[in-house]
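Chemist: Sequence:
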Amino acid sequence: MRQSQLFTKTRKEIPSEETAKNAQLLLRAGFIHKEIAGVYGFLPLGLKVLNNIVQVIREEMNAIDGQEISMTALQDKAVWDKTDRWDDKNVDIWFKTKLKNDSALGLSFTHEEPITNMMTQFVRSYRDLPKFVYQFQTKFRNETRAKSGIMRTREFLMKDLYSFCHTQKEQDIYYDRVKNSYIKIFRRLGLGEKTYVTFASGGTFSKYSHEFQTVCEAGEDEIYVHDEKNIAINKEVMNPEVLKDLGIDEKDLHMEKASEVGNIFSLGTRFSDAMGLSYTDEFGEKKPVWMGSYGIGPARVMGVLAETLSDDRGMIWPHEIAPFALHLVSLGKEGSDAHKKAEEIYEELRKHKVDILFDDREVGAGEKFADSDLIGIPMRAVVSEKSLLAGGVEIKERKSDKDEIIPIEQLIKMYTNCCDDCNH
RNA sequence: CGGAAUGUGGUGUAACGGCUAACAUCCCUGGUUUGGGACCAGGUGACUCCGGGUUCGAAUCCCGGCAUUCCGACCA
1 MRQSQLFTKT RKEIPSEETA KNAQLLLRAG FIHKEIAGVY GFLPLGLKVL
51 NNIVQVIREE MNAIDGQEIS MTALQDKAVW DKTDRWDDKN VDIWFKTKLK
101 NDSALGLSFT HEEPITNMMT QFVRSYRDLP KFVYQFQTKF RNETRAKSGI
151 MRTREFLMKD LYSFCHTQKE QDIYYDRVKN SYIKIFRRLG LGEKTYVTFA
201 SGGTFSKYSH EFQTVCEAGE DEIYVHDEKN IAINKEVMNP EVLKDLGIDE
251 KDLHMEKASE VGNIFSLGTR FSDAMGLSYT DEFGEKKPVW MGSYGIGPAR
301 VMGVLAETLS DDRGMIWPHE IAPFALHLVS LGKEGSDAHK KAEEIYEELR
351 KHKVDILFDD REVGAGEKFA DSDLIGIPMR AVVSEKSLLA GGVEIKERKS
401 DKDEIIPIEQ LIKMYTNCCD DCNH
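Residue numbers (the working numbering): 1 to 424.
Derived from the structure by calculation, the hints contain no laboratory data.
Careful, some of the hints might be misleading.
Restricting the straight-line Cα-Cα distance to at most 25 Å, the calculated cross-link-like pairs of lysine to any residue (SDA-like) are [what the hints assert, rightly or not]: (1) K194 <-> F122; (2) K194 <-> Q168; (3) K341 <-> E250; (4) K235 <-> L246; (5) K333 <-> E344; (6) K147 <-> Q3; (7) K147 <-> E217; (8) K402 <-> K351; (9) K351 <-> N417; (10) K340 <-> E385; (11) K333 <-> E220; (12) K207 <-> E385; (13) K147 <-> G30; (14) K402 <-> R313; (15) K98 <-> K131; (16) K131 <-> K100; (17) K98 <-> Q3; (18) K131 <-> K169; (19) K34 <-> K82; (20) K399 <-> K340; (21) K82 <-> I64; (22) K396 <-> F324; (23) K147 <-> E220; (24) K229 <-> R187.
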């Protein structure tokens with residue numbers, strides 16, 4: 001895409017009302033737009049990043065036999081009455097509204113009830129199980145206090161996966177598959193080294209659940225990290241019993257602030273019992289369905305990336321989720337040889353469907369470099385008279401200070417000869 | 001939900017209770033410049049968050065809202 005066509009602009013100054021680093025950076029770079037406190041929209045660059053995060057998650061969900069659907073945001077009170085989660089005494093974050101005829105409606109804050117209710121229409125026999133269903137869907141939570149930019153908001157995208165199994169054992173096996181899938185996802189999202197499988201409260205139906213916590217100053221949680229075992233314990237459940245269960249010595253732990261980017265839960269039969277979701281087994285006996293639910297917040301992931309993968313000049317996106325594969329910067333004046341060369345490179349790469357941002361604007365070099373660093377595309381290629389004289393284009397990784405001149409053909413090859421091993 | 005701070009052109013800031021609300025940036029015109037937000041000249045843009053009150057006079061003081069941010073509580 002041509003940068004001259006982008007409707008968003010970068011800012012030099014930080015909006016004074018934002019103090020969270022992720023919000024400051026993403027607003028300055030033109031990735032997000034704040035509507036009200038805790039409610040953010042995504043602009044072209046930000047939406048590309050969000051969609052890339054979603055795509056990584058989608059691929060991994062499909063890899064563990066997930067089937068993608070989309071449930072509704074508007075919710076029927078009657079369904080939620082069955083688990084007693086409509087009552088404000090039990091769930092105090094509902095946004096509630098009404099139809100013209102006064103029927104009560106709610107805006108979804110999660111989907112256990114409606115999806116379990118829906119599955120009663122499709123699950124009858126043991127032959128119908130197991131099934132794994134997921135979606136990317138907007139959740140609404142009337143938080144008493146939104147905070148930390150896009151990391152704790154009132155309206156946000158969530159990937160929620162639900163598993164429906166014959167037995168507890170089958171459910172436990174799938175739970176482990178999801179856990180491994182999540183580890184892979186956060187590695188692909190560039191957060192692998194900082195994200196820990198964290199023991200947390202399991203609620204009513206299991207001793208523990210697992211949270212995926214990314215070490216991050218802006219995080220709301222406190223976790224105790226065990227470096228050798230590469231796991232952590234949430235402060236909420238930190239006690240001698242947990243240490244004993246995990247065979248861990250307290251002195252090997254160190255406390256870190258962290259942000260919860262994902263969690264996985266065994267739900268037992270709580271929801272299937274309440275909604276009447278059961279199956280008939282091979283002996284004609286009626287059995288409850290065992291369930292689990294598994295969440296990841298893609299927008300929060302984006303916030304955590306902004307917090308952890310950035311420097312004083314701007315963002316440093318990981319390859320797989322960067323808004324573009326390459327930032328092509330032309331320093332030549334319109335009509336100059338350098339500019340013409342840049343145009344040629346842009347068209348050539350576009351022909352090969354390489355997703356690049358082309359800075360074709362008529363502004364000073366300094367401004368282009370500053371914007372390029374702020375936007376944070378992993379690779380920058382500068383075309384100028386100077387670079388052409390030196391033999392081609394100057395390429396530089398965003399995360400590095402070293403640049404290098406390479407022939408134009410080599411640049412084209414880098415982005416068009418893609419193989420399984422490369423990240424372009 | 002308890003506590004605190006802050007609301008002034010699009011953005012960032014300034015202005016003793018007293019002149020036409022100032023400066024920078026952004027934006028527009030023209031010129032110059034082209035490897036780290038460069039320079040010159042001119043120009044547009046604000047009922048100072050809203051509603052009351054005090055005063056000869058309010059951006060400034062008082063009261064009430066609303067909004068934003070932070071701390072705390074809350075977060076199957």
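Chemist: Look at each hint and say if it fits the structure.
Modeler: Status of each hint after checking the structure:
{"no.": "1", "hint": "K194 <-> F122", "result": "40 Å, violated"}
{"no.": "2", "hint": "K194 <-> Q168", "result": "31 Å, violated"}
{"no.": "3", "hint": "K341 <-> E250", "result": "61 Å, violated"}
{"no.": "4", "hint": "K235 <-> L246", "result": "15 Å, holds"}
{"no.": "5", "hint": "K333 <-> E344", "result": "15 Å, holds"}
{"no.": "6", "hint": "K147 <-> Q3", "result": "32 Å, violated"}
{"no.": "7", "hint": "K147 <-> E217", "result": "14 Å, holds"}
{"no.": "8", "hint": "K402 <-> K351", "result": "29 Å, violated"}
{"no.": "9", "hint": "K351 <-> N417", "result": "13 Å, holds"}
{"no.": "10", "hint": "K340 <-> E385", "result": "11 Å, holds"}
{"no.": "11", "hint": "K333 <-> E220", "result": "48 Å, violated"}
{"no.": "12", "hint": "K207 <-> E385", "result": "65 Å, violated"}
{"no.": "13", "hint": "K147 <-> G30", "result": "20 Å, holds"}
{"no.": "14", "hint": "K402 <-> R313", "result": "16 Å, holds"}
{"no.": "15", "hint": "K98 <-> K131", "result": "33 Å, violated"}
{"no.": "16", "hint": "K131 <-> K100", "result": "37 Å, violated"}
{"no.": "17", "hint": "K98 <-> Q3", "result": "44 Å, violated"}
{"no.": "18", "hint": "K131 <-> K169", "result": "15 Å, holds"}
{"no.": "19", "hint": "K34 <-> K82", "result": "36 Å, violated"}
{"no.": "20", "hint": "K399 <-> K340", "result": "28 Å, violated"}
{"no.": "21", "hint": "K82 <-> I64", "result": "30 Å, violated"}
{"no.": "22", "hint": "K396 <-> F324", "result": "15 Å, holds"}
{"no.": "23", "hint": "K147 <-> E220", "result": "10 Å, holds"}
{"no.": "24", "hint": "K229 <-> R187", "result": "17 Å, holds"}
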